[in-house]
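S.K.: Respectively, the protein sequence lines represent chains X and Y.
Going by this note's numbering, the first sequence opens with residue 211, and the numbers climb by one from there.
Going by this note's numbering, the second sequence opens with residue 1186, and the numbers climb by one from there.
Worth flagging that the hints you see were computed from the coordinates, not collected in a lab.
BS3-like, lysine-lysine: derived pairs with alpha carbons at most 30 Å apart: (1) X:K410 / Y:K1206; (2) Y:K1416 / X:K429; (3) Y:K1192 / Y:K1206; (4) X:K347 / Y:K1209; (5) X:K422 / X:K347; (6) Y:K1206 / X:K336; (7) X:K422 / Y:K1207; (8) X:K336 / X:K410; (9) X:K429 / Y:K1212; (10) Y:K1212 / X:K422; (11) Y:K1209 / X:K422; (12) X:K336 / Y:K1212; (13) X:K347 / Y:K1198; (14) Y:K1486 / X:K510; (15) Y:K1192 / Y:K1207.
Here are the in silico distance ranges between beta carbons for each label pair: (16) X:W417 / Y:I1223: 14 to 20 Å; (17) X:F275 / Y:R1464: 38 to 44 Å; (18) X:N415 / Y:L1196: 33 to 39 Å; (19) Y:Q1358 / X:F495: 41 to 47 Å.
Since we're looking at a predicted model, the values are computed, not measured.
Beta carbons: idealized from backbone N, C-alpha and C, even for Gly.
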Amino acid sequence: MSKKKKQVVEVEKEYKKPLIKRRKPNRSIAGDIALYVFLALVAYIMAFPIIYAVNSALKPLDELFKFPPTIWAQHPTLDNFSDLFVTMGKSWVSFSRYLFNTVFITAAGTAGHLIIASMGAFVLAKYEFPGSHQFFKLVTVAMMFTGYVTQIPNYLLLNKLGWIDTYWSIIIPAFALPMGLFLMKQFMEGLPSSLIEAAKIDGANEWMVFSKIVMPNVKPAWMTLIIFSVQGLWNNKAATFIYSEEKKTLVYALQQIQAGGIARTGQGAAVLVVVMIIPILIFVFSESQILETMASSGLKE
Amino acid sequence: MKEWFQKYITLRKHNAQVAWKKAKRSKMCYAFLAPYAILFTMFYVFPVVASIYYSFTYYNILETPRFLGLANYINLILQDDIFLTSIKNTFMIAIITGPLGYIMSFLFAWLINELPRWVRSVAVIVFYAPSIAGNCYVIFSVFFRGDAYGYVNAFLINTGIIDAPILWLINPQYMLPICMLVILWMSLGTGFLSFVAGLQGVDRSLFEAGYMDGIKNRWQELWYITLPSMKPMLMFGAVMTITQSFGVCDVTMALCGYPSTDYAARTIVTHLFDYGFSRFEMGYACAIATILFLMMILCNKAIQSLLRRVGT
Chain X
211 MSKKKKQVVE VEKEYKKPLI KRRKPNRSIA GDIALYVFLA LVAYIMAFPI
261 IYAVNSALKP LDELFKFPPT IWAQHPTLDN FSDLFVTMGK SWVSFSRYLF
311 NTVFITAAGT AGHLIIASMG AFVLAKYEFP GSHQFFKLVT VAMMFTGYVT
361 QIPNYLLLNK LGWIDTYWSI IIPAFALPMG LFLMKQFMEG LPSSLIEAAK
411 IDGANEWMVF SKIVMPNVKP AWMTLIIFSV QGLWNNKAAT FIYSEEKKTL
461 VYALQQIQAG GIARTGQGAA VLVVVMIIPI LIFVFSESQI LETMASSGLK
511 E
Chain Y
1186 MKEWFQKYIT LRKHNAQVAW KKAKRSKMCY AFLAPYAILF TMFYVFPVVA
1236 SIYYSFTYYN ILETPRFLGL ANYINLILQD DIFLTSIKNT FMIAIITGPL
1286 GYIMSFLFAW LINELPRWVR SVAVIVFYAP SIAGNCYVIF SVFFRGDAYG
1336 YVNAFLINTG IIDAPILWLI NPQYMLPICM LVILWMSLGT GFLSFVAGLQ
1386 GVDRSLFEAG YMDGIKNRWQ ELWYITLPSM KPMLMFGAVM TITQSFGVCD
1436 VTMALCGYPS TDYAARTIVT HLFDYGFSRF EMGYACAIAT ILFLMMILCN
1486 KAIQSLLRRV GT
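Chain X with its partners taken away, still in its complex shape (with noise of 0.2 Å):
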């Protein structure tokens, strides 16, 4: 009996293993060498400013300025960001105070728009209405042109409203960035309808279906409107509409030093990497969410 079934069992491996070792027609291995080869080199192009930057962050001042120069750091030390963090403890303003209004900017700007795109995307996507597609339409031309086009009436009518050398003249606007809203938009029409329909008959409401049921399954496309917003109000430089100095953001500040000449030429470097880091390291642990969201981006006509 047992032997019968050790049969059974290699007759089905031998069937379940494939007769050829499967290989797409069009394929060589010369060719997939090659592509390995430029692939490697071409990421090396791209990442080449990158690791001078981060490695210039690392070097010890005579280091900075040795010719002919190194790339990589010869005796990494931290000495840049501790003199940034002195340059910073005396400045008039607190580098705390920099960085909470970046802080604050970033994660209120971002929470508003999220909650506020989302629900304006669920409507869209879910339900028809009479101006629906129209409004749709509208907010993809607005993705067609730059933020600078409207930057001057912007400014007059933040001015009217009073909000200019307010936190709120960076979060508000902020709120209504029009990819987030296309994305989510296009991410929430892949979730069934039946789901929704399904709760309705359980006696939801709209606003249960919309953060009970809607909001938790479409997790990957928050994570891609986050590192969009958070991409934009980190480093939102807001010297056009805040002007105390204890408003003001952390990567103006940080620019500030940076633009203090040879003398800074390690604090600038280090500079460089703090601003970057932050959007950097939230893509690198967000990068499945997000590459699933864009999956759905696509503009039909």
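Place chain Y on chain X using the hints.
M.R.: Below, chain Y alone, put in the same frame as chain X:
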């Protein structure tokens, strides 16, 4: 004629009534959309309209706007030499970095598509990082420094190609090419991510069917199967690329200075900043913004109608 007109009106009335009834039934939807719609109108729709309105006036914030008619546009095109330079520069940058960046985005997304999973995700990070690395591009001003200690100069002198250092970022001859290089380095952005994701989503069975139908090489596979099934992503990527390449200003301002030598690296957006936030000639600046807006929308429409023909 009159009868036809009346028919038309009744039809319209009927349609409006139906729409109104539907709208009444879907109050909930409007309530959900309202917060976004209000903010969107305030910060995206209204500014465009306002900018078109102000472009016909003289406005300096302090006085009330004075109506000028088309004078701003006429001045821009006929008298403002620097604006013409800036248009030329913007177009140069857009025409070269736009298509190249777009093709690069697609090419690399396509090439890394078949790599093993973890290699692919590392590659995506490496290629995408430059575009989110904040102002990391200022590192290029170290590479292209004007004295003999700049890397590029040192390399060229050591190999004997040149015998005196070149002022890369001050000599108008070299400014734009260097800016383009930097912009290309940063061009694998949102569109690239969209392509990577789109390529992953192409239906595998299409390829099998293609092999049966006698597709011979990778290029045919690309043109007949991959591209047509990614059309929506191609559209999205095009929108992103155009928006980016017409809005160039950060890179040129950071590398070549603001204002740059002989205005050789001035773009439309830099010109807009100059008039809007340095000279406070808001009417004039709005005229620049309107022209930029129209350029972008027209270009987008043109490219989209072009892309619809892909793979047919």
